[in-house]
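> One-letter residues, chain by chain:
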Amino acid sequence: MARYGMVIDTVRCVGCMDCVVACKTENEVPEGLNRDWIAYETRGKHPTLQMEIRTERCNHCDEPPCVTCCPTGASHVEDFGRIVLVTHQECIGCKACLASCPYDARFVHPEGYADKCTFCIHRVKDGLDPACVAVCPTHCMHFGDFDDPNSVVSRLLASRRHHALLVAAGTAPRIFYLD
Amino acid sequence: MTELLITRSNHLVDPYVHVWAWQIPVYLFLGGWVAGMMSLAGYFQWQGRHRDRQCTCVLTPWLGVVLLSLGMFALFLDLEHKRYFWRLYTTFEIASPMSWGAWILVVVYPALLAAALVQPPQWLRRAVPATEALASWLESRPALVRAVGLASLVLGLALGIYTGILLSALGARPLWSSAILGPLFLLSGLSSAAAFVHLVARRRDERVFLARADNLFLMLELAAIVLFLIGLATATEAHKQAAGLLLGGPYTAVFWVGVVGLGIAVPLVVQSLAVRHRIQHTPLGPIMVIAGGLALRFVIVYAGQVSHWAPQVAQF
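Protein chains in written order, with my numbering: chain A, 1 to 179; chain B, 180 to 495.
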């Protein structure tokens, strides 16, 4: 069984927002809402500053609190690729999942259900990359199966220094950023 | 230092999570209040005090049915996908406190109604003779009344704890990541219920008994608040920052003046003087306790949503 995730090279990401536009187009994300976004993080003290630009989205965590807290089972881990999804017709819009996500990756769709990144599961099932990965002009995004030691994402993690976001929140995120 | 700028500005999420407005604190307050009423009424029924027609405690389940229904309505108003609310009852999600809450309410309603029917108010006895007949039938079965009382007491305590656990299970909001929230909300609910009976009780001995009980609940509530803050202030950086919201941050004044001062400390002094016969019993103390209970839910729900794990975020 696959366990899909992403590896994103922060050295290559320039924050062009192509991934954001591709996601909105592919998934018809309503105006004013985003399933993915760009973060510009600056650390340190002048003049020794470090900057990291990265593209962010739902981390499809191995221990997803949004799934645990959901009272109807609408938020679930799909067998296909262990992707975290929401079944729209089961969601009551209680927003517990929005409150439970340390990444604030979810939002309420204007139709009332909780919505977020799906890793473009409809494309992945057809053997394609998610839209954001497919359009990245710097090729900084990699999508693949962490359970396969020979996948590109597994080999990148084995060979490069990397970090994940808010690990202390304890959700075991499945998006990693190369330093 | 770390400066984080993001391009996202999602409704209800940015610049900080504000998914829950007045409906949730109102529901948590009413749920806790009803839980307190059920516990008190259950205790008095367990003690066999239902035979005393002047006893106000055993009448509170009637008000409880109304208040819980109002709370449920507030909860319904909060839902964004209202026409699917019945999905709560097509499954039981064992890890979800909200699912537990939905099913607890299914058990609480009949228990609350049973506790209420043990002693219908006089006007109802006259208006609907069947309630009088049922109450008489129950009165001749003390074991059954004790069982109803016990069920009311246990379910009341469960409901009161649940209103706090609902929030504390959401680990992404550090202010809520404390198991003390369960007992804190339960104590607040018990105190609001005792304050209400103190306010409306017909007989002096019951009024004094409930004022004393309320003083005990208020002192325990103060202790729970202290433990809650110590727990956060001695944990991770995110939890310390969350505690800071109430200890110098934007929610400090409303928490210490509104919740702790006017909602607990002042009524505790007023009611302590009253039970020691230094001053008359006044409605002031109980009203402040009840308002303080509502303020507690508002502060915890609003401040909790602002607390976060991520570094301070700024939008474009």
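Simulated from the structure, these hints should not be mistaken for laboratory data. Backbone N, C-alpha and C fix where the C-beta goes; we use that ideal spot for every residue, glycine too. Any given hint might turn out to be false.
[Said to hold, decoys possible] Not close to chain B: a few residues of chain A, all C-beta gaps over 12 angstroms, as computed:
{"no.": "1", "residue": "C94"}
{"no.": "2", "residue": "D145"}
{"no.": "3", "residue": "S159"}
[Said to hold, decoys possible] Selected chain B positions facing chain A (in silico; Cβ < 10 angstroms):
{"no.": "4", "residue": "S188"}
{"no.": "5", "residue": "L191"}
{"no.": "6", "residue": "V198"}
{"no.": "7", "residue": "E259"}
{"no.": "8", "residue": "W265"}
{"no.": "9", "residue": "T270"}
{"no.": "10", "residue": "S275"}
{"no.": "11", "residue": "G280"}
{"no.": "12", "residue": "R352"}
{"no.": "13", "residue": "A402"}
{"no.": "14", "residue": "Q484"}
> Each hint needs a verdict: does it hold in this structure or not?
To see whether the hints hold, each was checked on the structure:
1. C94: violated, 6 angstroms
2. D145: holds, 26 angstroms
3. S159: Its Cβ never comes within 12 angstroms of chain B, the nearest being 27 angstroms, so this holds.
4. S188: holds, 7 angstroms
5. L191: Nearest chain A Cβ about 6 angstroms off; hint holds.
6. V198: holds, 4 angstroms
7. E259: This hint holds: E259(B) lies near chain A, its Cβ roughly 3 angstroms from the closest one there, short of 10 angstroms.
8. W265: Holds - the Cβ of W265(B) comes within 10 angstroms of chain A, reaching about 9 angstroms at its closest.
9. T270: holds, 5 angstroms
10. S275: holds, 5 angstroms
11. G280: At about 8 angstroms, which falls below the 10 angstroms cut-off, the nearest Cβ of chain A leaves the hint on G280(B) intact, so it holds.
12. R352: holds, 6 angstroms
13. A402: violated, 27 angstroms
14. Q484: holds, 7 angstroms
In the structure shown, a violation is registered for the earlier hints numbered 1 and 13, in ascending order.
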